[in-house]
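**Q** Chains as they are written, first to last, in the working numbering: chain A, 1 to 110; chain B, 1 to 116.
It is worth saying that the hints were derived from the structure and are not from the lab.
The beta carbon of each residue, even a glycine, is placed where N, CA and C say it ideally should be.
There could be a bad hint or two in this list.
[Unchecked claim] Simulated pairs of lysine to any residue, SDA-like, Cα-Cα distance not exceeding 25 Å: (1) K92(A) x N18(B); (2) K92(A) x S62(B); (3) K92(A) x E104(B); (4) K92(A) x G85(B); (5) K57(B) x Y48(A); (6) K92(A) x Q84(B); (7) K11(B) x S58(B); (8) K81(A) x T2(B); (9) K81(A) x E68(B); (10) K57(B) x G28(A); (11) K81(A) x E14(A); (12) K81(A) x S73(B); (13) K57(B) x T26(A); (14) K92(A) x L113(B); (15) K81(A) x F106(B); (16) K81(A) x K11(B); (17) K57(B) x K81(A); (18) K81(A) x K71(B); (19) K57(B) x F29(A); (20) K14(B) x Q84(B); (21) K92(A) x S66(B); (22) K81(A) x K14(B); (23) K92(A) x K14(B); (24) K92(A) x E56(B); (25) K92(A) x K11(B); (26) K92(A) x T20(B); (27) K81(A) x V108(A); (28) K92(A) x E52(B); (29) K71(B) x T20(B); (30) K11(B) x E68(B); (31) K81(A) x S27(B); (32) K57(B) x Y24(A).
[Said to hold, decoys possible] Label pairs and their computed distance ranges (CB to CB): (33) T13(B) x G53(A): 45 to 51 Å; (34) T107(A) x E78(B): 33 to 39 Å; (35) D39(A) x S58(B): 23 to 29 Å; (36) G50(A) x F74(B): 39 to 45 Å; (37) T13(B) x Y70(A): 41 to 47 Å; (38) T76(B) x N21(A): 35 to 41 Å.
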Amino acid sequence: GQSLEQPSEVTAVEGAIVQINCTYQTSGFYGLSWYQQHDGGAPTFLSYNGLDGLEETGRFSSFLSRSDSYGYLLLQELQMKDSASYFCAVVKTGANNLFFGTGTRLTVIP
Amino acid sequence: DTGVSQNPRHKITKRGQNVTFRCDPISEHNRLYWYRQTLGQGPEFLTYFQNEAQLEKSRLLSDRFSAERPKGSFSTLEIQRTEQGDSAMYLCASSGGRGKMNTEAFFGQGTRLTVV
């Protein structure tokens, strides 16, 4: 089995930086992905970490530490449209299956 | 290609009835996933196909649930003898392709099932 833990809710101010943490326990770990989901919408891919370290994509960055079974998503220059739920997801070896955490609801306030 | 397509978008059914959902993945993707999502929760894994082979099925899934991907293209998810607890959004996703690892899954808009 696998388990992923994220904070359930985070609130941040427009223009600020926010970090959403994810810790995981799983067998056959291959990598960690992050997805964004707006209310009523489908999850959309944000980033993937297969190796330790930081991956940067525009305002979003994601970090992975395999030894600590830990990752985070960093959102910079927050905009109101970033208000959404953010999910970390474990990619597993072999079948390359994808298992999601329970998600973090981010609210950006003016 | 317009992405992952799911039909129907909404389904209301009476308890005890059978329902079937369809998912058309992105054409070159060989991996297909079904998830169930309830309000405030993350997508819960149901089952996974690589081409036409069903490689993994959640232990949470009762025998009332079955999925197929007969030709390695579209997939169907059937729920027999529906129960009110089956009410949820059913999401399909696909990923992969030639020489591409599973680092990005593309989701459909889902089928919202309401069992009354």
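**Q** Each hint: holds or not?
**A** So, going through the hints one by one against the coordinates:
Proximity of K92(A) to N18(B) is assessed by CA-CA distance (about 32 Å); at most 25 Å being required, the pair is judged violated. With a C-alpha separation of about 23 Å, the suggested pair K92(A) and S62(B) falls inside the 25 Å cut-off, and the hint holds. Simply put, K92(A) and E104(B) have alpha-carbon atoms about 13 Å apart, close enough for the 25 Å limit, and the pair holds. With a C-alpha separation of about 29 Å, the suggested pair K92(A) and G85(B) falls outside the 25 Å cut-off, and the hint is violated.
In summary, the hint linking K57(B) to Y48(A) is supported, as the alpha carbons are separated by about 24 Å, within the 25 Å threshold. Restraint check for K92(A) and Q84(B): the C-alpha separation of about 32 Å exceeds 25 Å, so the hint is violated. In summary, the hint linking K11(B) to S58(B) is supported, as the alpha carbons are separated by about 23 Å, within the 25 Å threshold. The hinted pair formed by K81(A) and T2(B) meets the criterion: a straight-line CA distance of about 24 Å does not exceed 25 Å.
At most 25 Å may separate the alpha-carbon atoms for a hinted pair to count; K81(A) and E68(B) exceed this at roughly 37 Å. Proposed proximity of K57(B) and G28(A) is supported: the alpha carbons are some 17 Å apart, at most 25 Å. The straight-line distance between the Cα atoms of K81(A) and E14(A) is roughly 10 Å, inside the 25 Å bound, and the hint therefore holds. Distance hint between K81(A) and S73(B) is unfulfilled; the C-alpha atoms sit about 35 Å from each other, more than 25 Å.
As the CA atoms of K57(B) and T26(A) are separated by approximately 17 Å, the hinted pair is consistent with the 25 Å bound. Between K92(A) and L113(B) the alpha-carbon distance is near 29 Å, which puts this suggested pair outside the 25 Å criterion. For the hint pairing K81(A) with F106(B), the CA-to-CA distance comes to about 20 Å; that is within 25 Å, so the pair holds. A distance of roughly 30 Å separates the Cα atoms of K81(A) and K11(B); the hinted pair therefore is violated under the 25 Å criterion.
Using a Cα cut-off of 25 Å, the hinted pair K57(B) and K81(A) is violated, with the two alpha carbons roughly 35 Å apart. Using a Cα cut-off of 25 Å, the hinted pair K81(A) and K71(B) is violated, with the two alpha carbons roughly 40 Å apart. Taking the CA atoms of K57(B) and F29(A), the gap is near 18 Å; set against the 25 Å cutoff, the hint holds. Note on K14(B) and Q84(B): the hinted pairing holds, with a Cα-Cα distance of about 9 Å set against a maximum of 25 Å.
Straight-line distance between C-alpha atoms of K92(A) and S66(B) comes to about 23 Å, which keeps the hinted pair within the 25 Å bound. Proposed proximity of K81(A) and K14(B) is contradicted: the alpha carbons are some 38 Å apart, above 25 Å. With a CA separation close to 37 Å, the supplied pair K92(A) and K14(B) exceeds the 25 Å bound. Restraint check: the Cα-Cα separation between K92(A) and E56(B) comes to about 12 Å, which is no more than 25 Å; the hinted pair holds.
Straight-line distance between C-alpha atoms of K92(A) and K11(B) comes to about 32 Å, which puts the hinted pair past the 25 Å bound. Restraint check for K92(A) and T20(B): not satisfied, since their Cα atoms lie roughly 28 Å apart, outside the 25 Å limit. Taking the CA atoms of K81(A) and V108(A), the gap is near 8 Å; set against the 25 Å cutoff, the hint holds. The hinted pair formed by K92(A) and E52(B) meets the criterion: a straight-line CA distance of about 19 Å does not exceed 25 Å.
Note on K71(B) and T20(B): the hinted pairing holds, with a Cα-Cα distance of about 17 Å set against a maximum of 25 Å. For the hint pairing K11(B) with E68(B), the CA-to-CA distance comes to about 19 Å; that is within 25 Å, so the pair holds. Annotation: proposed proximity of K81(A) to S27(B) is violated, straight-line Cα distance about 31 Å (limit 25 Å). Between K57(B) and Y24(A) the CA atoms are separated by roughly 21 Å; this keeps the pair inside 25 Å, and the hint holds.
Checking the proposed 45 to 51 Å range against T13(B) and G53(A) shows it holds: the Cβ atoms sit about 48 Å from each other. Taken as a hint, the range 33 to 39 Å holds for the pair T107(A) and E78(B), whose Cβ atoms sit roughly 38 Å apart. At roughly 25 Å, the beta carbons of D39(A) and S58(B) sit within the given window of 23 to 29 Å. Between G50(A) and F74(B) the CB atoms are about 30 Å apart, so this pair departs from the stated range of 39 to 45 Å.
Taking the beta carbon of each, T13(B) and Y70(A) are about 42 Å apart, inside 41 to 47 Å as hinted. Between T76(B) and N21(A) the Cβ separation comes to about 38 Å, which falls inside the hinted range of 35 to 41 Å.
The structure fails hints 1, 4, 6, 9, 12, 14, 16, 17, 18, 22, 23, 25, 26, 31, 36 (numbered hints given earlier, in ascending order).
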